[in-house]
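**Student:** Sequence:
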Amino acid sequence: MKVFRRRRGGKALNSGFTMIEMIMVMILLGILSVTAISLFATRDAYSARVVADQILSQARLAEQVAIGRRAATTTTLTLSLSGADFSGVVAQGGYVSQRDVDASGVSINWSQSATTSCAGSALPATITFNQDGDVINPASSGTTNTLICVSGDTVYPICITTLGYAYEGFCES
1392 MKVFRRRRGG
1402 KALNSGFTMI
1412 EMIMVMILLG
1422 ILSVTAISLF
1432 ATRDAYSARV
1442 VADQILSQAR
1452 LAEQVAIGRR
1462 AATTTTLTLS
1472 LSGADFSGVV
1482 AQGGYVSQRD
1492 VDASGVSINW
1502 SQSATTSCAG
1512 SALPATITFN
1522 QDGDVINPAS
1532 SGTTNTLICV
1542 SGDTVYPICI
1552 TTLGYAYEGF
1562 CES
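The numbering used here runs 1391 ahead of the 1-based position in the sequence shown.
One should not assume that every hint holds.
[Said to hold, decoys possible] Quick list of the computed label-pair ranges, beta carbon to beta carbon:
no.: 1; residue 1: Arg-1490; residue 2: Gly-1407; range: 51 to 57 Å
no.: 2; residue 1: Arg-1460; residue 2: Ser-1512; range: 26 to 32 Å
no.: 3; residue 1: Thr-1409; residue 2: Val-1546; range: 43 to 49 Å
Quick caveat, the hints were computed from the structure, so don't treat them as lab data.
Just so it is clear, the structure is predicted and the values come from calculations on it, not from any experiment.
Glycine residues also receive a C-beta, built at the ideal position from the N, C-alpha and C atoms.
Using the sequences and the hints given, assemble the complete structure.
**Tutor:** What follows is the structure, given as structure tokens:
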């Protein structure tokens, strides 16, 4: 530490850290805090976040495939959970995109009617998109919001709107 001394009336005055020293201390504290925070994260929390991100990604892909390919057939997003393995499959005609991730300690519920509550059916789930990218409900032949809740240490709600847009959060009326 560099000490600046000034004389005022015969007494020496000391001042604190230099700017460089202060920046280095802040950087070291940042590195230590990031390292310490990771010790508190559990695998379940990480797995739930990864699964939620994968569902969001596959839902957005399904909408893009439906709009981009404009085929007469519908596009389906099939979500399944088998033991500790989650699978998301987007399919339309001959096009298939499948993504699998580890879902240890994760539970997933979904509903096409209750869009503000995570109480719903367990997987498997099939969500159907028409050629405009809208989510259709084969049971009612109309469009509908879909809520998917991924639960680990934290709950991650994902809404797929009637227009096919997927976002993290509860569906709005």
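**Student:** Hint numbers the structure violates, sorted upward?
**Tutor:** The structure conflicts with no hint, since it agrees with every one listed earlier.
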